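In order, the protein sequence lines correspond to chains A and B.
Mapped onto the working numbering, the consecutive letters of the first sequence carry residue numbers 1 to 48.
Mapped onto the working numbering, the consecutive letters of the second sequence carry residue numbers 1 to 831.
Hint data in this document are derived by calculation from the structure and do not stem from the laboratory.
Mixed in with the good hints, there may be bad ones.
[Said to hold, decoys possible] Some chain A residues close to chain B (C-beta under 8 Å, calculated; not the full set): (1) 7; (2) 8; (3) 12; (4) 15; (5) 18; (6) 20; (7) 21; (8) 22; (9) 23; (10) 31; (11) 32.
Note that the structure is a prediction, hence the values are computed from the model and not measured.
Virtual Cβ for every residue (Gly too), placed ideally from N, Cα, C.
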Amino acid sequence: MESLYLLIPLSVGLVFGALWLFFKASDDGQFDDLVGPAIRVLQDDDRI
Amino acid sequence: MMMNEIAQCFHCGQPVAASADWHVKIDGAERAMCCPGCAAVAQTIVDIGQTSYYRQRNGYATAPGGVDSDGTGSAGAAGAASAALVPAALALPEDDPNIIDDGDARETTLLVEGIRCAACVWLIEHRLRQVDGVQQANLNVATEKLFIRWHKDKTTAAALLEAVRSIGYNAWPYDTTRHDAQLQKASRTLGRQLFVAGLSMMQVMMYVAPEYMAGDDGTLDAGMASLMRWASLLLTLPAIAYSAQPFLKGAWASLKARALGMDVPVALGIMAAFFGSVVSTFRGTGEVYYDSVTMFIFLLLASRYLEMVARRKAASALSRLRHGAPELAQRLALWPESRATDTVPASVLVAGDHIIVKGGEAVTADCVVVDGSTAVDLSLLTGESAPQRKLVGDAIPGGAVNAGSPVVLRVERPARDSTLAGLLKLVERAGSAKPQIAQWADRTASWFVAALLLFAAASFGFWSWHDAARAWPVAIAVLVVSCPCALSLATPSALAAATDRLLGKGALIVQPHVLETLHRATHIVFDKTGTLTEGKPTVQSVDAIDGARIIGILRVAAALEAGSAHPIARAIGAAAAAHGAGAAGAIKLQELAGQGMEGMVNGVRYRLGTADFVAGIAGDRAPAMGSAASAVTGVSPMTTVWLGMQGRWLGRFLINDALRPEARQTVEYFQRLGKTVVLLSGDQQALAGKVAGQLGIGEAIGDCLPEEKLTYVQELQRRGAVVAMVGDGINDAAVLSAADVSFAMGSGATLAQVHADCVLLDARLPLLTDTARSAEKTTRVIRQNLAWATLYNLVAIPGAAFGVLNPWLSGVGMAASSAFVVLNALRLRRG
Chain A
1 MESLYLLIPL SVGLVFGALW LFFKASDDGQ FDDLVGPAIR VLQDDDRI
Chain B
1 MMMNEIAQCF HCGQPVAASA DWHVKIDGAE RAMCCPGCAA VAQTIVDIGQ TSYYRQRNGY
61 ATAPGGVDSD GTGSAGAAGA ASAALVPAAL ALPEDDPNII DDGDARETTL LVEGIRCAAC
121 VWLIEHRLRQ VDGVQQANLN VATEKLFIRW HKDKTTAAAL LEAVRSIGYN AWPYDTTRHD
181 AQLQKASRTL GRQLFVAGLS MMQVMMYVAP EYMAGDDGTL DAGMASLMRW ASLLLTLPAI
241 AYSAQPFLKG AWASLKARAL GMDVPVALGI MAAFFGSVVS TFRGTGEVYY DSVTMFIFLL
301 LASRYLEMVA RRKAASALSR LRHGAPELAQ RLALWPESRA TDTVPASVLV AGDHIIVKGG
361 EAVTADCVVV DGSTAVDLSL LTGESAPQRK LVGDAIPGGA VNAGSPVVLR VERPARDSTL
421 AGLLKLVERA GSAKPQIAQW ADRTASWFVA ALLLFAAASF GFWSWHDAAR AWPVAIAVLV
481 VSCPCALSLA TPSALAAATD RLLGKGALIV QPHVLETLHR ATHIVFDKTG TLTEGKPTVQ
541 SVDAIDGARI IGILRVAAAL EAGSAHPIAR AIGAAAAAHG AGAAGAIKLQ ELAGQGMEGM
601 VNGVRYRLGT ADFVAGIAGD RAPAMGSAAS AVTGVSPMTT VWLGMQGRWL GRFLINDALR
661 PEARQTVEYF QRLGKTVVLL SGDQQALAGK VAGQLGIGEA IGDCLPEEKL TYVQELQRRG
721 AVVAMVGDGI NDAAVLSAAD VSFAMGSGAT LAQVHADCVL LDARLPLLTD TARSAEKTTR
781 VIRQNLAWAT LYNLVAIPGA AFGVLNPWLS GVGMAASSAF VVLNALRLRR G
């Protein structure tokens, strides 16, 4: 049970880490187009 | 140095009157401003982080109320975002091209940022109507555009802008580029807030679970419980500080304006639950509601997100139109000597300019084809998806897309007067008015909130006396569970969805009451024969004589008539095209007025025209033809055109004004619904009677003057009828405006002059039945929505007050009821 005194603060830190990552990705435009990339990956490049 | 000249306005450089008391803090120093307009602009520049403009500028800005000296307008501002143009884009000079003079009044459209729900609409409109001189203020939630009309001597555009900004909303002169950027920013922010709330909700749920599971059996020791609470507190913070912002800001804005928006109870509920929990956490005793707080922030944001998606969808038809006309055009300055092009903004084109439009490009302004031939796609303007063939001399409306080869066009009207611009104005007028029922819901919502706050306070009082431990959660539950949003979303969301769908099909709803009234209508009055008939000659039948082939007859006839602009020639050309008869070339063409055409096709001489004329070469009299005509659904006296060659009769065309193919179904449809169909016509009684007879219309009145039509409609209304009127929208404006709801069969260039509640853009009758069907569905959805919202509130609020619903369950209920209303409305977009 004592391990929780370490694990719970760690999990809080982890959530804030996840939030930071998410904001960074969002700033880079990662979530602006949620449909296009899925379609684009299906297009073959004829030159290859 | 500017700093020494205290008597000058820091923004525009004009002298500051002694009585003026406007200041803006720029780079840490208070700067004097000459007028609230300058102050608003300067404040906005500071607020959007553009303070560097003041450091870098090399001259004063134009005063908001003064003259816009650079004259480039919004196009220049959008293109070159140079610092010098910032004020031009932010301010609203009285001579801004977006401001339209209308007698003593001025009108403009502003873009408003930060609309959260229907209460914001009420708040903004309410605030503006308080300003002296404002005649009209309508906010379109779907497009976030605010239409204002004011008396030009009593107030200024800049003051109105300031009024909107003073209650916490950002308003800008309307500009497409900014609008798109703003939409993207808003949707990104809301997405982030939703994500943060979701993550925080899930984590808090994990920390709360042990406490729920252990209950009071003592397996969770005090130290551990306290650790869990502190962890929950930490993780609730981002949700409160970031995700709950829309609610807190909304509540603050409406409190500042001394009004009760819907965000007020929500914000109160969130803050009460959060601070109650924080106090318990510090004290180490008492209830905590971190899980409820994060959960209802998440759920409310989720429903708001859905609502935003729905609004965007509703606005999509509009933005399709807006982007329909290109900003640039390829002008042929030296046509016809040279085909050299230069690229110019669409706005500088004037009548008589020549432009070239390549395949796939849109046409900028209303034009006429000068060189080349192509097919154009008019789907944006009329909903008609099949491309239409355009030859030299044919008109192409602005907004059409060239689906074929490059053509040279001559501009007939400047871009701002084009068909598309007219359509856009009509659509915007459509969006800016609000039906009675929605206005009622907006007003009710604010009373509802006031009553709700009192009710929450009363339940809190009762429970403190009865069972003090439960007073807090009950009050929170009451605040959160109520859903005025569902109440005020019920109507607009349904109307927006239906209007959008109909616009896609080619029916433009200009007045918001159309769907409501059409559903109630008892009489459908077609006000002229041309509405049920084509209104132009059409080939009814082609008869071959002595074994000639129909297709051959059509080929020859079309070749003879190819160069003629006579309506009958066009009818024959259309018939040939419909039969797939390719064009043959005719030479030595001769037109004999009133008789017909003569010419050589493939070395043979033909005549096309009256019987006597054709008999001149074919010999004898016209052969007696059978009773083919009896099968024809013609209504006007029939015109017969004969085709003959040397010594031989070849064929006969019967031409007249035909019934529209769908006329019968349309009439039957309305009759099946129990509505009385009436034909009111300026044509002869006999003709009107004949059309009515063929369509099964019981009542047909011919020989009607416009005044008689008006009297007839008013007489019907006196007897309690609700009259829907269908006409061409131009010659019959009086009777159309007298009817309870009016439809115009609009087409192309005349669009802007049309005065009707609803315009059927490509004049097809089935659109009318489509609209009627939509009207029925929309009315049903609105009733369902209102019934649901009312029922929900009647059940949920007492439920929460009696302590049956706990706070998190209330959050679910509120979010679900808003989502239900919006999703139910979205059904209207399909089928």
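The hints, checked one at a time:
1. 7: violated (10 Å)
2. 8: The hint holds - residue 8 of chain A has a Cβ within 8 Å of chain B, the shortest such distance being about 5 Å.
3. 12: holds (5 Å)
4. 15: holds (5 Å)
5. 18: holds (6 Å)
6. 20: This interface hint is violated because 11 Å lies over the 8 Å limit.
7. 21: Cβ of residue 21 of chain A sits 11 Å from chain B, so the hint is violated.
8. 22: holds (6 Å)
9. 23: holds (7 Å)
10. 31: Status holds, d = 6 Å.
11. 32: At 7 Å from the nearest chain B Cβ, residue 32 of chain A passes the 8 Å test, so the hint holds.
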